[in-house]
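Residue numbers (my numbering), protein chains in the order written: chain X, 1 to 305; chain S, 1 to 282.
Keep in mind the hints are simulated off the structure, nothing from the lab. Incorrect hints may have been included.
Quick list of in silico lysine-lysine cross-link-like pairs, DSSO-like style, CA-CA up to 30 Å [as the list claims (entries may be wrong)]:
| hint | chain 1 | residue 1 | chain 2 | residue 2 |
| --- | --- | --- | --- | --- |
| 1 | S | Lys237 | X | Lys196 |
| 2 | X | Lys21 | X | Lys109 |
| 3 | X | Lys60 | X | Lys71 |
| 4 | X | Lys211 | X | Lys196 |
| 5 | X | Lys83 | X | Lys71 |
| 6 | X | Lys254 | X | Lys109 |
| 7 | X | Lys83 | X | Lys196 |
| 8 | X | Lys196 | X | Lys114 |
| 9 | S | Lys237 | X | Lys60 |
| 10 | S | Lys135 | X | Lys114 |
| 11 | X | Lys254 | X | Lys71 |
| 12 | S | Lys237 | X | Lys211 |
| 13 | X | Lys114 | X | Lys211 |
| 14 | S | Lys135 | S | Lys237 |
| 15 | S | Lys237 | X | Lys71 |
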Amino acid sequence: MGDTWIAREISLSPRVVFPNKILPYLLVAPQLAITLVFFYWPAGQALYQSMLRQDPFGLKSRFVWFANFRKVLADPAYLNSIKVTVVFSLATAIVAMVVALLLAVMAEKAVRGKGLYRTLLIWPYAVAPAIAGMLWLFLFNPSIGSLAYLLRSLGIVWDPLLNGTHAMILLVSAAAWKQISYNFLFFVAGLQAVPKTLIEAAAMDGAGETKRFWTIVFPLLAPTTFFLLVVNTVYALFDTFGIVHAVTGGGPGKTTETLVYKVYNDGFVNLILGDSAAQSVILMAIVIALTAIQFRYVERKVHYG
Amino acid sequence: MIGQSPLRTFIAHAVLILGILIVAFPIYYTFVASTHTLQTILRPPLPLLPGDQLWNNYSEALFGGIGRIGGVSVGRLLLNTTIMALGVAVGKIFISILSAYAIVFFRFPLRMTFFWLIFITLMLPVEVRILPTYKVMVDLGMIDTYAGLIVPLIASATATLLFRQFFMTIPGELVEAARVDGAGPWRFFFDILVPLSRTNIAALFVILFIYGWTQYLWPLLVTNSNDMNTIVIALRKMVSFADADTQWHLVMVTAMLAIVPPILVVVLMQRWFVRGLVESEK
């Protein structure tokens, strides 16, 4: 962001414009109205409530400054939730990206059938995360799941409904499965942008295929990889609420209670308003940080081609 | 082109086919389950091939009511979800193209303030303002309405940013020519700008349709009555792993009906979808 961004803004805007005085306000009015009513007002309320504490009957509330934040950040359940979220997000992002990169590299090599492979790999993008979770639970639940049955007959003890680690593995699998298509498309686009002459030159110098990949292709993919890391983290943080809600409900025993699920559960189910609002504000700070990182990346890409 | 050994090509195809099997298996198996009787599903392992209950299960789910969700039929759920997905996609495109038009082609006081106000909404997803937004919905009487499902989701920065980016590549000469020919701002908008934006609109439509169709947290918050649920939420209500009376054959039919429409949109509009996705995010 910053100066360069504004400079670009000025240089790229067409200098020829329409002279109307009222019309532009009418044009932005719908979006602005919705934004103010459904975004800024509630976000402001969240900020305000995060500094209020209500008595148990919800009759009186008093202003407590940052006491809610101190309480939330000292709460072992919240710290546990942070840990769960970090493990879940990193595992999801890494699994989804590694599988997608492998498939994209293979698709580049397979000269024939590339289009067909792509068509068959993009399906899960259209599946709602919650449904993805339910399908995986259908396959892997201990009572009627066919793949759970397979695991059992192989002698593997498996119960995602009672074992926290198993529940986490199931959530990560479903969340990563759903995200493979997205990452695949970006890696394919990134691979296509790698100059073929560079690879041919390296081949002539005698670099083998594996070496060419790690010394030329992979470094050139770094911007794509970094961008996807941010997007996948945001996805794992927020869009996977449906998976957690539909599959584990945070359980067993809070082993899969992610930050977003906890905000929902504390505020909407348990009605602890101040805590929930403080948690919302902490999440807001995380989103702002991630968005800033994402835009810095965009900025860099503009500068260095 | 560098020569490639047949073995490596073979490995590439093998890995891709394995990948497709992993990606497609859960969806294929859901289809298989949706064509068997409840009794067959309850006794794992489920056969790998479809059964003979296709017609029975689908007609029961589509035209009969499903007990667990208050007797609402899947047809009604599909209608709700379609209205929501179309409403979100069309609404978002409509209000964003208008505001991007104002920001790029007009100069007026507070122009950049408005731009930043819209831009910052990127950082305020529903998840960080659950309760207060719910309260606004209650105050406005928008719980259990289509407007409640759609309107709060149609304001977001991404579509506006995309249109703005595209509009800025349109040469000023075009605007000048239009003005010399006596075309006013509306004429320019409808006769030049909208036709030029066709590909962008198609790409955005696919992405936003999927976005609307797959929403979870928002419909969970703003719908209480069973007949206003979207298909994804209803599916969640139909499933219980704890007790034995889940009607799995109907659950599987509902799951199929919930995932096939968006998959068709993505696959059939693949060209625009891929372009829109890779370009709009960059």
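Report task. Given the hint that Lys135 of chain S pairs with Lys114 of chain X, test it: the Cα-Cα distance must not exceed 30 Å. Result -> violated (50 Å)
Requested in this report: With a cut-off of 30 Å on the C-alpha distance, tell me whether Lys83 of chain X and Lys196 of chain X pass.
Outcome: Given that 30 Å is the threshold and the Cα spacing comes to 43 Å, the pair is violated.
Query raised in the report: Quick one, are Lys237 of chain S and Lys60 of chain X close enough, alpha carbons at most 30 Å?
Result: violated (35 Å)
**Report entry** 30 Å Cα cutoff - pair Lys114 of chain X, Lys211 of chain X
**Finding:** holds (24 Å)
Requested in this report: With a cut-off of 30 Å on the C-alpha distance, tell me whether Lys60 of chain X and Lys71 of chain X pass.
Outcome: Holds, at about 19 Å.
Requested in this report: Starting from Lys83 of chain X, check that the Cα of Lys71 of chain X is at most 30 Å away, please.
Outcome: holds (17 Å)
Requested in this report: Starting from Lys237 of chain S, check that the Cα of Lys71 of chain X is at most 30 Å away, please.
Outcome: The hint is violated at about 34 Å.
Report task. Take the C-alpha atoms of Lys237 of chain S and Lys211 of chain X, compute the straight-line distance between them, and say whether it is at most 30 Å. Result -> violated (52 Å)
Query raised in the report: Are the Cα atoms of Lys237 of chain S and Lys196 of chain X separated by 30 Å or less?
Result: Given pair Lys237 of chain S, Lys196 of chain X is violated - Cα atoms ~52 Å apart, limit 30 Å.
**Report entry** Lys254 of chain X paired with Lys109 of chain X [C-alpha distance capped at 30 Å]
**Finding:** violated (44 Å)
Requested in this report: Starting from Lys254 of chain X, check that the Cα of Lys71 of chain X is at most 30 Å away, please.
Outcome: holds (19 Å)
Query raised in the report: Holds or violated: are the alpha carbons of Lys135 of chain S and Lys237 of chain S at most 30 Å from each other?
Result: holds (24 Å)
Checked against the numbered hints above, the structure breaks hints 1, 2, 6, 7, 9, 10, 12, 15 and satisfies the rest.
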